[in-house]
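2 protein chains.
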Amino acid sequence: MALQVGIVGGGQLARMMIAPAVELGIDVRVLAEQDGMSAALAATDVGDYRDVETVMAFARDVDVITFDHEHVPQDVLRALVEAGVAVHPGPDALFYAQDKLRMRAKLAELGMPQPDWAPVADAASLDSFIAAHGGRAVVKTPRGGYDGKGVRVVAAASDAADWLDALEDGGELLVEELVDFTRELAQQVARRPSGELVVYPVVETVQKDGVCAEAIAPAPHSAGRLADVAGDIGEAIAVGLGVTGMLAVELFETTDERLLVNELAMRPHNSGHWTQDGAITSQFEQHLRAVLDLPLGDTALRAPWAVMVNILGGPTDGTLSERLPAALEAHPSAKVHTYGKDPRPGRKVGHVTVAGDDLAAVCYEARGAASFFTD
Amino acid sequence: MALQVGIVGGGQLARMMIAPAVELGIDVRVLAEQDGMSAALAATDVGDYRDVETVMAFARDVDVITFDHEHVPQDVLRALVEAGVAVHPGPDALFYAQDKLRMRAKLAELGMPQPDWAPVADAASLDSFIAAHGGRAVVKTPRGGYDGKGVRVVAAASDAADWLDALEDGGELLVEELVDFTRELAQQVARRPSGELVVYPVVETVQKDGVCAEAIAPAPHSAGRLADVAGDIGEAIAVGLGVTGMLAVELFETTDERLLVNELAMRPHNSGHWTQDGAITSQFEQHLRAVLDLPLGDTALRAPWAVMVNILGGPTDGTLSERLPAALEAHPSAKVHTYGKDPRPGRKVGHVTVAGDDLAAVCYEARGAASFFTD
Numbered sequence: 006m007a008l009q010v011g012i013v014g015g016g017q018l019a020r021m022m023i024a025p026a027v028e029l030g031i032d033v034r035v036l037a038e039q040d041g042m043s044a045a046l047a048a049t050d051v052g053d054y055r056d057v058e059t060v061m062a063f064a065r066d067v068d069v070i071t072f073d074h075e076h077v078p079q080d081v082l083r084a085l086v087e088a089g090v091a092v093h094p095g096p097d098a099l100f101y102a103q104d105k106l107r108m109r110a111k112l113a114e115l116g117m118p119q120p121d122w123a124p125v126a127d128a129a130s131l132d133s134f135i136a137a138h139g140g141r142a143v144v145k146t147p148r149g150g151y152d153g154k155g156v157r158v159v160a161a162a163s164d165a166a167d168w169l170d171a172l173e174d175g176g177e178l179l180v181e182e183l184v185d186f187t188r189e190l191a192q193q194v195a196r197r198p199s200g201e202l203v204v205y206p207v208v209e210t211v212q213k214d215g216v217c218a219e220a221i222a223p224a225p226h227s228a229g230r231l232a233d234v235a236g237d238i239g240e241a242i243a244v245g246l247g248v249t250g251m252l253a254v255e256l257f258e259t260t261d262e263r264l265l266v267n268e269l270a271m272r273p274h275n276s277g278h279w280t281q282d283g284a285i286t287s288q289f290e291q292h293l294r295a296v297l298d299l300p301l302g303d304t305a306l307r308a309p310w311a312v313m314v315n316i317l318g319g320p321t322d323g324t325l326s327e328r329l330p331a332a333l334e335a336h337p338s339a340k341v342h343t344y345g346k347d348p349r350p351g352r353k354v355g356h357v358t359v360a361g362d363d364l365a366a367v368c369y370e371a372r373g374a375a376s377f378f379t380d
Numbered sequence: 006m007a008l009q010v011g012i013v014g015g016g017q018l019a020r021m022m023i024a025p026a027v028e029l030g031i032d033v034r035v036l037a038e039q040d041g042m043s044a045a046l047a048a049t050d051v052g053d054y055r056d057v058e059t060v061m062a063f064a065r066d067v068d069v070i071t072f073d074h075e076h077v078p079q080d081v082l083r084a085l086v087e088a089g090v091a092v093h094p095g096p097d098a099l100f101y102a103q104d105k106l107r108m109r110a111k112l113a114e115l116g117m118p119q120p121d122w123a124p125v126a127d128a129a130s131l132d133s134f135i136a137a138h139g140g141r142a143v144v145k146t147p148r149g150g151y152d153g154k155g156v157r158v159v160a161a162a163s164d165a166a167d168w169l170d171a172l173e174d175g176g177e178l179l180v181e182e183l184v185d186f187t188r189e190l191a192q193q194v195a196r197r198p199s200g201e202l203v204v205y206p207v208v209e210t211v212q213k214d215g216v217c218a219e220a221i222a223p224a225p226h227s228a229g230r231l232a233d234v235a236g237d238i239g240e241a242i243a244v245g246l247g248v249t250g251m252l253a254v255e256l257f258e259t260t261d262e263r264l265l266v267n268e269l270a271m272r273p274h275n276s277g278h279w280t281q282d283g284a285i286t287s288q289f290e291q292h293l294r295a296v297l298d299l300p301l302g303d304t305a306l307r308a309p310w311a312v313m314v315n316i317l318g319g320p321t322d323g324t325l326s327e328r329l330p331a332a333l334e335a336h337p338s339a340k341v342h343t344y345g346k347d348p349r350p351g352r353k354v355g356h357v358t359v360a361g362d363d364l365a366a367v368c369y370e371a372r373g374a375a376s377f378f379t380d
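As given, the protein sequences belong to chains A and B, one line each in that order.
For what it's worth, my numbering labels the leading residue of the first sequence as 6, then goes sequentially.
For what it's worth, my numbering labels the leading residue of the second sequence as 6, then goes sequentially.
No lab work stands behind these hints, which were simulated from the structure alone.
As the structure is a prediction and not an experimental result, all values here were calculated from the model.
Just to be clear, a hint being listed does not mean it is correct.
[Unchecked claim] DEER-style ranges, computed between Cβ atoms:
#: 1; chain 1: A; residue 1: Ala110; chain 2: B; residue 2: Asp50; range: 51 to 59 angstroms
#: 2; chain 1: A; residue 1: Val244; chain 2: B; residue 2: Asp56; range: 53 to 61 angstroms
#: 3; chain 1: B; residue 1: Thr321; chain 2: A; residue 2: Ser376; range: 47 to 55 angstroms
Heads up, the beta-carbon is just placed ideally off N, CA and C, and yes, glycines get one too.
Okay, chain A solo, but in the shape it has when bound (with noise of 0.2 angstroms):
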């Protein structure tokens, strides 16, 4: 009998989560929210994820579940496992997944450095916590944010009036510095229920929009100190918040030689994406094989430095499918993933990794391929 792995979600993590499982001779069941989602070559069942008993009906008869995404909601979660059905992460980590707040208030108790963080609920400790930091801030919903999604910069508390008015009673809103940070890192750290811990090397991201644009594997100038540190936390973060399956930790790196910790997902995450063909062992294997309690893989790179780079939209007129020729011809050393998406500005449509000795090369044969697939 092969092993089962019910994925909530039909978007391109759970279609990525496909090959390895293949070949691994792992079954991988999707509860997709339509038809025609990216991930629908697995897809069993369509449905609400936010519904209890359509995610029970899907759980039935596998192994472990799974997620595309952190938005199940809480009641979903705890009747899963009230239920007797293994759900990797568990509802107590993806809690901190699901409340910026609480994820901060959590990270703040294990002596993770982050950015100086408060909650708010009126304009007028807003204020005071703006001036309090150089007259700039920034202004989170805790929860339903992706991509930049529910994140804003203000100078003052009437920038952010229409999220202030419409908390509910006792609602808040996170308002956190706004960091002088050089670059953004990310590491990513694979967990399993029997506490085994890896850890993949930490790579540096390039955002565009609050979407990530870019990674770079590993990130140049992190051999040492900053690699082993990225690291700790990682570890220290997924034992903390009790994270099974893959966490990524986005990170950023101040002008003053510090780390600090931005955003974290519970999940393969696009800072990822590069272990696909740049790692021994790709998030996605590693998120199946951690959900299912297996040994972990060799996260090492497979040569010197790998590149992902985002496709953002796609082209304009016409379909990836119709830009393949030629990407692939210019870039014969590229490996391009597409996510069966219709193009739509700043929509996550594929992306391409390339691996190799020479960092200049690697990423001009990165973002030339990409390129083909947008205007």
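Position chain B against the provided structure of chain A, taking the given hints into account.
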């Protein structure tokens, strides 16, 4: 609209095309012989590949038809071509893969180095060939053999009496000299309909009981002349026989340092499985690109060495999945590929690949991991 590839045959070769197809955004459909085969995830039709109507119905709406095996009859292939379906490899090329006598005659015409051979229809001519070649020879049935089936080493015509008796009027067996080889090699080549051709590094293969057991890439001591000669042979055969898609050329390296063509396969082949984790472009991705007439990918190795070890037979009790934890724990750098097939003595049920800098270490890891799946 995604590119559509229809694969006739639901075995492990079709299965292993699924992963690169998903990543490149190619829709694969499989015509499987029965339910529950290796490529079941992509099976859209179940039926007899010898039946024209079944295959014609399957071929509707795909951009190209390709194959998991070479056994689709010529009348079916020709009906597809006449109906305007793109078929790669095409019937003219597959003709040679389907009949070893025709293949030998064509290779002779192309001036390819091969063992002495002859068609034989009776005991007298067979005994005469054996006598002229040192008292032993290899007899083959021209059609239907694979993995050592239909191949027999004989010392006298009486050893092949059953096959001679079974010959129909005008039928012939193939007899070949028993080559005194030092080792076996395999050359992978990919060719597009529009002519582009790429050559992989030649590999050493180790056969056990007529079945590929291991492949080492590149073949040790193959740099320079040997690799060039093997590549040239592969190219000449692909062009000369009009092969499109992947071509595998099995070669003998003789004690007097010649290369002789043993067998051909016009599809991804066991001797090329190492490319999944050892080459920038796997033979499965390359086959899809080639049959779709897309530009071909880089064939370079990802590491100095890559080794593939077959899992033959599998455990006598239980399943491959049950053996996975111990194998993964002991060999974190090994990539395990399973075919979704029940264990059975001698059956190919999976393989392991490992890539790295040190050949001895790579062999140790690959053989070690594979050994967990057999008794």
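Okay, the hints, checked on the actual structure:
A:Ala110 and B:Asp50 have their C-beta atoms about 55 angstroms apart, which keeps the hinted 51 to 59 angstroms range intact. For the hinted restraint 53 to 61 angstroms between A:Val244 and B:Asp56, the CB-CB distance of approximately 59 angstroms keeps it satisfied. The hinted range of 47 to 55 angstroms is satisfied by B:Thr321 and A:Ser376, whose Cβ atoms lie roughly 54 angstroms apart.
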